[in-house]
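Same order as they appear, the protein sequences are chains A and B.
Take the first sequence: its letters are residues 30 to 349, numbered as in my numbering.
Take the second sequence: its letters are residues 37 to 371, numbered as in my numbering.
Among the hints, erroneous ones may be present.
Ranges between beta-carbon positions, derived for each pair [what the hints assert, rightly or not]:
id, chain 1, residue 1, chain 2, residue 2, range
1, A, D147, B, G54, 25 to 35 angstroms
2, B, A171, A, D147, 47 to 57 angstroms
3, B, T119, A, K163, 54 to 64 angstroms
4, B, D296, A, N136, 34 to 44 angstroms
5, A, T48, B, A171, 31 to 41 angstroms
6, B, G54, A, N309, 51 to 61 angstroms
7, A, N309, B, T121, 55 to 65 angstroms
None of these hints come from the bench; they were simulated from the model.
Beta carbons: idealized from backbone N, C-alpha and C, even for Gly.
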Amino acid sequence: MSSDQKVLEVHDLSVHYFTPGGAVIAANEINLYVKAGEIVGLVGESGCGKTTVAMSILQMVSAPGRIVGGEVRIEGRDIVNLPERELRKIRWRKLALIPQGAMNSLNPVIKIKEQMEDAIIAHERTRGAALREKVLRLLNDVGLPERVYSMYPHELSGGMKQRVCIAMAVALNPAIIIADEPTSALDVVVQRVVAQTLLDVKSRLGVSMVMIGHDMGLQAQMVDRVAVMYAGNLMEVGPVESIFEQPYHPYTRLLIDAIPSTKQKKPLKVTEGLTHDLRNPPPGCCFQFRCPYVHDECRQKRPVLKEMGNDHYVACAQFN
Amino acid sequence: MTIEQPIISIQEATKIYGGGFLSTSNPIVALDRFSLDIFESQAKIITIAGESGSGKTTLANLVLGFIPASSGKIVYKGVDVSTMTRAQRRTYRKEVQAIFQDPYEVYNPFFRVSHIFSMIVRHFNLAKNRNDARALIEDALNVVGLRGSEILEKYPHQLSGGQRQRVMVARAYMLRPRLIVADEPVSAVDASLRAMILDIMLKLRDQHHISFLYITHDLSTAYQISDVMYVLFQGTTVERGSTGMIIENPRHPYVQQLIDSIPVPDPKVKWHTHISLPAEEVMRMKSSTGCRFYQRCTQHMDLCTRSFPPYTRIKDGHEVACYLYQPIAEPQQAG
Chain A
30 MSSDQKVLEV HDLSVHYFTP GGAVIAANEI NLYVKAGEIV GLVGESGCGK
80 TTVAMSILQM VSAPGRIVGG EVRIEGRDIV NLPERELRKI RWRKLALIPQ
130 GAMNSLNPVI KIKEQMEDAI IAHERTRGAA LREKVLRLLN DVGLPERVYS
180 MYPHELSGGM KQRVCIAMAV ALNPAIIIAD EPTSALDVVV QRVVAQTLLD
230 VKSRLGVSMV MIGHDMGLQA QMVDRVAVMY AGNLMEVGPV ESIFEQPYHP
280 YTRLLIDAIP STKQKKPLKV TEGLTHDLRN PPPGCCFQFR CPYVHDECRQ
330 KRPVLKEMGN DHYVACAQFN
Chain B
37 MTIEQPIISI QEATKIYGGG FLSTSNPIVA LDRFSLDIFE SQAKIITIAG
87 ESGSGKTTLA NLVLGFIPAS SGKIVYKGVD VSTMTRAQRR TYRKEVQAIF
137 QDPYEVYNPF FRVSHIFSMI VRHFNLAKNR NDARALIEDA LNVVGLRGSE
187 ILEKYPHQLS GGQRQRVMVA RAYMLRPRLI VADEPVSAVD ASLRAMILDI
237 MLKLRDQHHI SFLYITHDLS TAYQISDVMY VLFQGTTVER GSTGMIIENP
287 RHPYVQQLID SIPVPDPKVK WHTHISLPAE EVMRMKSSTG CRFYQRCTQH
337 MDLCTRSFPP YTRIKDGHEV ACYLYQPIAE PQQAG
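Bound-form chain B, shown alone:
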């Protein structure tokens, strides 16, 4: 085999909400033709960045198979996820794991922490007996720097936020997945724990070859750990490529605004500009024909409303969907 087949291939995945037969409101395109390939040989941390409503979580839900795509498809080892058989789906569910944002809400408060682990051990038949199961759990917990004796018999509310999140990573790791969809895994934990969880992600990538779909709005942590980045804005991918290139040299006005909004950890360098966002409905206005950022863009041109800007290659592995970087102006219509 010369060309490696991607383990997961997202092909023009689109998700449209609303706009059904009886619906009076306009449909909302939550995700617009998103494509991404994940290869098994090279584990990568792939950042999906964007603000709330940009389609990040929709993408996560699509990949996890929680919702069907409106068009396009997600292919896992050559099989379309939506047409999988029960057995195939089960493998898929095992190989693609998730960590969620809020480590408080994913627990059932009535069960001890051990329940989370014993449940999946049973569901996926991971161990033959109790001792095996215990060893497996202990091993997974060690990877995230926890000890079973410390936490397994506790109730979720007795754990700290960082412990809760690490337990979730351990749970995901226990199934030896190929991909972990991490939906804002560190936005609810604080600085010292953030480094710990990001470090665990790096460790899982480098030592256990697990890829991550790192969904976040925090570009600075993405910059520190991820390899590839896709910046979404209202469902469209506005800039994509190597994380370093994008953060160090953002091209799309939206990405520039995002990076500019990261608070500078220096009291002497205060935000000097005042940004204001247009009203919600203006921002949500359907401009399916043009660039979605048009309303908020300070550099918009007439051209921008006509059609969605094609991707312009800035460098190898850095593309931007913005007319500002189109090498040749569109030919003017005669007359």
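Same shape as in the complex, but just chain A:
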């Protein structure tokens, strides 16, 4: 397998939520790819469509949402219009999810072993001692002791539950893992342990990941490429070093500036302006209401992603 192989390709993906007040454009013509063994970070504020994109990759957009256009290719195969039966075969096996608030996604009345075995039984013929072995190995892979096997979720700490979810996600050796804010709501030391676990698992299994998050600091530590979203649109995509060194889009700069520092005290940067109503986006750039560099052109023409070199793309009129 060449390392340039694209495990996941998203082409012109649009997702709308149909509400009585009009269609909410949660994702607008998103283009994204993930190469084998790569972690792509998807960042943006809440409500920008990160989770919608993740869910549409998994074909799990819930009503009233619907994918209205575009395709999602997993190892070259478009899965957008696959019937549910086919999708069930793909999910978990090819495409695993570490859900948002993963630690609350465990069933509180079922032991860890049963929850993990359940997922494996649904997709594989592994049974009996081999199954037990497999679960134990998975727990070991994420750095959890053997006794977790027969424990209930409430007996574990948040970080441990999160690691159980990581173990479950890698159980069937998927091609790609969608991690929706895998470390949010964990404290720093545990966050670091969980982040290390994810990186460990990634380098050992060579799995690709889409890591959704809003913590730019953590993204800097973990991902290979960053995709910045705002109000359903992709604003900037590029290698992480390049994004931090030379953020082109004003919104990306804002995100990087908003990281609180422990090196120096600086005044808080509060950004004025609200995001537009997603039901009816303004003509032109979607960031125009909050952009400090807005000018007439931005209000008329929507900028498209343009390559600035080195695989770094930006959608901003300044660079078009």
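Using the hints, position chain B against chain A.
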């Protein structure tokens, strides 16, 4: 009056869970002899920092009067909170408000946002009539940068995370409290909103003289906004003092580990060390006699298990509970 009496004084507050008559497991000391004074004249943002299980939330619950202290006490304007009369308790409840971590869970999804406000207006008799009430609500919402017409008639699920949290701040502010216990108010909101909420906290401190007990695990935001900091580890205060001094020059090995774990927003500076935590039960092992960080400390000494390290003054307003900084070694026992 020469010496100002603190408005709220936490005196050696201790909370022990379990270990009752029928209990077989060891009691857990969730908070160990925590002391803190909050003065009315100088509104301050006081950070209580630490990881989960460090006793931060126990402290919040004690201060809010949700749980009684096992020993020690919390004194509000000279009255012990646990022995308050009904009327006193009501004032206390008004003056000490709370904002919680999860702005999703504090709402009853069946009621409109306005319900939250009308409920407290009624409970505390804040307004005589509807118009007064409306004005009061509008004013509180304006402080946090919201407009009543935008959100009051909506249901909680129709608000964004940032709006939800700001509504909670507005609700707390409406009662004109002296202290707001903010339990992880920004850990569930994202970067651009985080600054907004922290800014509201600063505004409430500076313009409305409201103190905050800012409970967080995020030292970087604490550094940006708070005046004083207490770092807790398994219920004990390991380092306390001015926020700047602690963050810029952490002394306790635990605080050093915490600061080291904050992801550096620079892809070129990756974490170079690998940290691992000992097993949960080892970490939870009761070493009530010594330093609680002993199991995880890379610099532990035999001395550390003997008794809890006394506070060493590093500078004025910066104290650490660690034997590494004890000026004189403990006298060796003869023979």
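Against the structure, the hints come out as follows:
Take D147 (chain A) and G54 (chain B): their Cβ atoms lie about 33 angstroms apart, and the range 25 to 35 angstroms holds. Separation of A171 (chain B) from D147 (chain A) is about 56 angstroms and conforms to the stated range, judged on CB atoms against 47 to 57 angstroms. The hinted window of 54 to 64 angstroms between T119 (chain B) and K163 (chain A) holds, with their beta carbons roughly 58 angstroms apart. In this structure the supplied range 34 to 44 angstroms holds for D296 (chain B) paired with N136 (chain A), their Cβ-Cβ distance being about 36 angstroms.
Between T48 (chain A) and A171 (chain B) the CB atoms are about 32 angstroms apart, so this pair conforms to the stated range of 31 to 41 angstroms. About 56 angstroms separates the C-beta atoms of G54 (chain B) and N309 (chain A), a value consistent with the hinted range of 51 to 61 angstroms. Between N309 (chain A) and T121 (chain B) the beta carbon distance is about 56 angstroms. The supplied range of 55 to 65 angstroms therefore holds.
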